[in-house]
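Colleague: For the record, the sequence lines run as chains A and B. Sequence positions in the first sequence follow the working numbering and run 48 to 433. Sequence positions in the second sequence follow the working numbering and run 401 to 1098.
There could be a bad hint or two in this list.
As the list claims (entries may be wrong) - Quick look at which bits of chain B chain A covers, simulated, 3 or more residues with Cβ under 8 Å:
no.	segment
1	405 to 414
2	424 to 431
As the list claims (entries may be wrong) - Reference excerpt, derived from the structure (chain B facing chain A, CB under 10 Å, subset only):
no.	residue
3	F420
4	E436
5	F438
6	A439
7	P588
8	I590
9	R676
10	D680
By construction, these hints were calculated from the structure, which means they are not laboratory data. Where is the CB? At the ideal position from N, CA and C, for every residue including glycine.
Chain by chain, the residues run as shown.
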Amino acid sequence: MSVQPAHRPSELRPLDVRTPDMTAAWRHVDWLLVAAIAALTLIGFALIHSASRLFELGSLLPRQLLFALMGVGVISVVAAIDYRKIVEKAVWVYGLAIVLLAAVLIPGVSKTVNGTQGWFDLGIFQFQPAETAKLAVIVTLAALLGGDRIANRALRLVVALALVGLPMAMVLVQPDLGSALVFLFIGAAMLFVGGIRGSYLAALALVAVLGATAILNSDALADYQRDRITTFLDENCPSGEAACYNVRQAEIAVSSGGVTGYGYGRGPQTTGQFVPEQETDFIFTVAGEEFGFAGSVAILALYALLIWRLWYTAVVAPDQQGRLLCVGVMALLMFHLFENIGMSIGMMPVTGIPLPFISYGGSSLLTMFAAVGLVLNVHMRQWDVS
Amino acid sequence: MDDTPRLRLSILGIVCISLFASLTARLWYLQVLNREEFAAEGQQSQLRTVHEQGPRGRILDVKGRVLVDNRLSVVVGIVRDEVDDLNSQERSELYGALADKFNSYDIEALKRADIEDQVNDPRYAQFDFIPLYQDAPPELELFFAEHREDYPGIRVRRETIRTYPYGHIGASILGYVGHIDEQEYADPDIRQAAADEGKPYSKEDDIGKGGVEQSMEAQLRGTPGSTTVEVSRTGAVVQVREETPPKVGADVWLTIDIDAQAWAEHVLKEHMSDVRGHRDKDGRIYRAPEGASAIVNPHNGEIIALASVPTYDPSALVGGISTDVWEELNDPASGSPLNNWAVSGQFPPGSTFKLVTLYAALENGLFAPGQPPGLEDSTGKYTIADCGGGPSCVRQNAGGVALGYSDPQSSLTISSDVFYYWLGDRMWRGKELLGETPIQDAGAKFGLGTKTGIPLAGEAGGRMPTPDMWRKRFDEAEKRLEPGEENPWGRRNWTAGDSVNLSIGQGEALVTPLQLANAYATIGNGGTHNKPLLVSKVTVPTDATKAPTAPDNPPLATETFLPVVQDRLPFTENHLAVMQAGFEGVIHNGRGTANDMWSDYGGLPGRWAGKTGTSEAGTDANPKADGSVFALYGPVDAPFGPNFAIATIIPESGFGADTSGPTAVRTLRPLVEGNLPPAPKVGEDRDLPPVPPLDVKP
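This is chain B alone, in the form it adopts within the complex:
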């Protein structure tokens, strides 16, 4: 080896040594001499707080059967922050690819434009998970987990969503859950309530909408949790700093018996469809667009069932509602299925209102000694002496039949309109003594005209028209009249004719089926006006995944809602007995308006009492078939008084005894006999036993 390579190798070695030396020097400079300066510039770790909703509590029936449960759902969503890194073309390709992927799983609902709208929804913050599709097939979860690189920003999560073991049964009582909307989010009452409970809402939270889900929101809603994590630049979690786990909400127990509820809906629906399409003897068609039955326990006001037809499938409302579905559910032409007609439907009570009129007359002394004990009806007509330009001055019984002599008791049994015209007329003429509103005041005692206050969103109060109301609305309209225009209300003053109308539940009186059932429960139990009770208790379960009735799952805490007595009606003398006897006669007396129906449909065991009602709803221009109303309570010979009170109202379906009567009887029969068929669950191949067809009368 000659000297040149050796020398040059040595030079090379020296070069290497100096390179190492320079690296070391630079490291010394950076790490030892200037550490502070550079370290201060280092990025502070980013903290991110993720908000997580607590699972909602369950809704249970009176026996602890789960009516609304939770289940895990695969949700495909997107993180906006990651999509923002893409250019517009990449983004549109991503959305296109995503829509194609969904479509390949037969999910047509998700279109590219929908994805874009959702991603641009201002409710979601930069790092939020924006849900795109709920309840995606599990294959998609696997697919997106394996193809993360191809679908930047797409995430799959498991979320708790509502599930309805009994499907449509009781849907309108239960309500549904949806994303909180801007109005709800801004609502000061909702905000305050949430703050009081320590469960503030975030903009992407769910909230109960309608039914018990809405009214018991404070109890049902879980306590949200939050996790604060330290994240890297790419969003990977480095460390969990603080974690507050979400807590499950409380279980809400209803007084509803799901078997009774299912059966009530079943009978109602069958009979409504039986009657539909037929015509009455005036040729008016029976449309029966909607209908409702309310069953209460007269002992304590507990609501056993609130059937409302048509129904809807609440699972269709899980995870957002499309506009089409929403419109269909609120379409009056299809009976507005989202409405709970048993509490939100307001119907003219017809003759069932005679309960109120007679109570007012009796308690106001219209039959006191020295007054006529009854009325002889030889013409079937009643002439109002001073009708003051109101509705026509001569009124007649249904069909113009002369019913002969009636006293208070028999007037109920045979439902003599003339008798009640007479009472209404007399009470109006006695207004100096009795005030302008003796009938309305009596109605209020039975809970008519005001909301019962049960925890159900959207409850209606019904209406008790008063002379005051007449005057007010006339004056209001008058103020807004253009010159030359006529006041739409026609006249300002209440007349005797209006009292006459009200006395038989016509005119403008409106009641809800629940109010009516509760009014008859009040007469049935001897005058105790109970507040209807829907929620009996709220419990915090030990283990929310176990059955609430499981022996190893005792509640950690219980809030009980006891029955509330609203009022005790001061029946004097023998008035209660007179009225009860009159109602019993409706069923069991040969002249009773429901006597034929009772025997035709087999009746119920024991003695019962009730009242038929037929409401006139149409006008000459717009003829409608009569509304069928029926109220029933019993058995009156039970040791402690009646156990059931039911009211059934089906508009545009004929006489009270024709449609609603048989519906009420058949609804109650298995309850009374103690052989309720169990409500079928979703996925069970079992239907309720068929109901024999209704004998539709022309």
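Chain A on its own, in the form it takes in the complex:
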């Protein structure tokens, strides 16, 4: 059983100069993937406008358009450079990400939003180094697990855990619980596909559960973060009015949309601005309220298409590094969308995780474009084994 083609065309010498090079990267752009992210980004524009059009400073749509334009540049650049060259430079990528994560912790340099010290104010948008660190971890783990620099599998596991653990610890200091969980999820998925032994995996899972319990019972989390999680766990939410309010308003918005929704721009919860952070973290509630179950499922379907294309690229990737890149990106996106939609509909605790391609925000959008760029990159070079 094999997904590999019987002949790799690149192994054959071209017989005739006029024969086109069917292995050329540009011939293998995954247009389905591009279409999926384009559709999601466009839906994002509509939802952001609906949520923000009544803001005092006006709709945020023009800014998001600008970010998307920058995103097209980012995805083009990331897809153009052979992913193997990127993976080669993993040490540098990782180092830079860690430096930025460290810099953001220096008081005065960075900006605190919602109690989390995790942003650089770049004027045009607020840059969140945790986002780029997610990409850096994906690239680095791909380099480590897909390469053969460290032959000892146990040692390789330890190094991998350390590489994931460092940025995780650093974002927890900010504190940004959501991003820390993203690192965890990325690490787990890549280690899983990267060939870690089943027994190790079981042990890690146990440690994770114990660790999470310990964190919840310690002082490591700010009150509001604990509130969000305990709100999620406790249906009647006696702790923390604010956290309870967020979740309740979000649920009301989504649920009251019914099967077909109130129609664009007509959702009472949305126009009344009853859902906090609706243009960013709770953007999905706009879709839920205004487009109902039909619209929500349509968005889920687009995400499913996106995830499927990532999964497919992982399958057809020409090497383990490429495969791991795809798995990492897939984990990143899957976690983001599940956690984000999940919290909007009361399934998951509230964290500051944006909905990929749809939530307002330059940092998130550019990161997602770059991430998908890596996968496009792999897809484009699936026949190129040079």
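Given chain A, work out where chain B should sit, using these hints.
Modeller: Okay, now just chain B, sitting in the frame of chain A:
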């Protein structure tokens, strides 16, 4: 590719599928199965009703020139609801920053404590716009629009406020506009009137205060509008549900000619300042603290001008009055500028009152056949036969001069006090026949002692003292006396001496300049007592932004106030002619009390009639210079009778012919000659022509 990654990739795929499935299931549960439950819990949209005042109507002069207009003003205010979200430190920082911002624009008036007081003012509801500063510079409007995030709750609005193209001219007629106070808001009359007009007040509304603004409030006030909007949690407007636009109020046309008004104020003010600081021959200083002239049209009672000095700048009262300004405007030491002395000032009429005394004597038959036709005054003194313990029993002419024989006509011309003492004394002695109050009753016929009823807030009625009044007030005081205390009024009964005092306008008789002018208009026009008319009509303009006289701006509706004849005085025999001749003699007869003044100051074209008056106001303990009173009407040789009647009263400024006389003559001159200088507008670099200085007599 070995099997492990492939297998594990497949497992990963299955995990993803199950995650999607769980999201879909939850959405199905929320949106399809349980929609009703959640939708019912959704916040009902909040409705908010915003009340908006309609712009007030304008106040126009007789020719439709705009005396009080509206303009847009930038108002910086605060919304309490948004400030409530802040903690106390943030709030105090906000107020501090705001005060600093204002101060950086040289607006010192707004201090942090003022802002706090204003925000805590219970008149304003939670979502109301609470004004902090009216007429802010436009730069501030831009600034706050750009820095909304730094100044939460601060809003900038444009509001219509009053503007006064002629500045201080006529200010005390026009009145001003201010926020309705609690007393006014609770006043049942005001509430009822507003309800009748369909313009109920809300607590932050404006209301006319003083002058025409107050008396014509019902007409001037715009109809408030309201807008009901659906708002979001943050207060942004989602949708306008219902909108009733405010309507502009009606324009009020006065009978005042602003040019005449400006000129009357100008002459009055100049001559008052000319006289000030000089002393009379007894050494009493001329203070002339206030003064007033009233000009009426004897044909129909229309008021042409009501000059009151000192004046004030009404624009200082726009948008709230500081305590300092308020106290200054009401300070008697500075002449209480807020008072309209022409209608609210009550002054002793002095000899101008002889009009009333003589009318009473003539019409009560004191000169009927068989009665003495006149009085020979060889001593300058008059002795009251039965003075009954009243004021001193021997009275004399001013200066103790013996004036010889007087009949009713010449008694006016030469202003013989002795003649009038005689009349007063005789009428009191004839009280069995004439009643106790023949003089007072005559005064009432000329409109003295009661308000004329012109639409001006704060009009005073003057006073006609009567024996009844004497008795009442004595008895009232008696009831409240402590044992051993003496009644402050001294005596209970009116005596002949009191009638004698009243006969020459002394004692306790008080008139307003307008009453006096109208009384002389009544004699001038042959006995028709017109009700003074200040407002001629009220119009609803087609376009309130265009000039009321513009040809393309005809009024949509007009309410006209026609002249009202109060009374026609029943002059019998030749009494009217006798009196008119006496008053004409005052001006044109060589012995007339104003004859010298008339020639000194150039007089007026045509034949005129009038009366001088000098009122004694001071006491021995508190000497004051005499009050100068002058009344004039004419030209009596005009085809249809006199066109003007004027009364000028300036307290503490000497004889009637010395100060008020020349003031009245010079005030009327350009009106009579038809060359009134136009009133200067604010911002025009033009003054009225100078008035030659008054020849102040010691």
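Colleague: Confirm or reject each hint.
Modeller: Status of the hints after comparison with the structure:
{"no.": "1", "hint": "405 to 414", "in the structure": "holds (count 7)"}
{"no.": "2", "hint": "424 to 431", "in the structure": "holds (count 6)"}
{"no.": "3", "hint": "F420", "in the structure": "holds, 5 Å"}
{"no.": "4", "hint": "E436", "in the structure": "holds, 9 Å"}
{"no.": "5", "hint": "F438", "in the structure": "holds, 3 Å"}
{"no.": "6", "hint": "A439", "in the structure": "holds, 4 Å"}
{"no.": "7", "hint": "P588", "in the structure": "violated, 41 Å"}
{"no.": "8", "hint": "I590", "in the structure": "violated, 38 Å"}
{"no.": "9", "hint": "R676", "in the structure": "violated, 59 Å"}
{"no.": "10", "hint": "D680", "in the structure": "violated, 71 Å"}
Against the hints set out earlier in the document, violations occur for numbers 7, 8, 9, 10.
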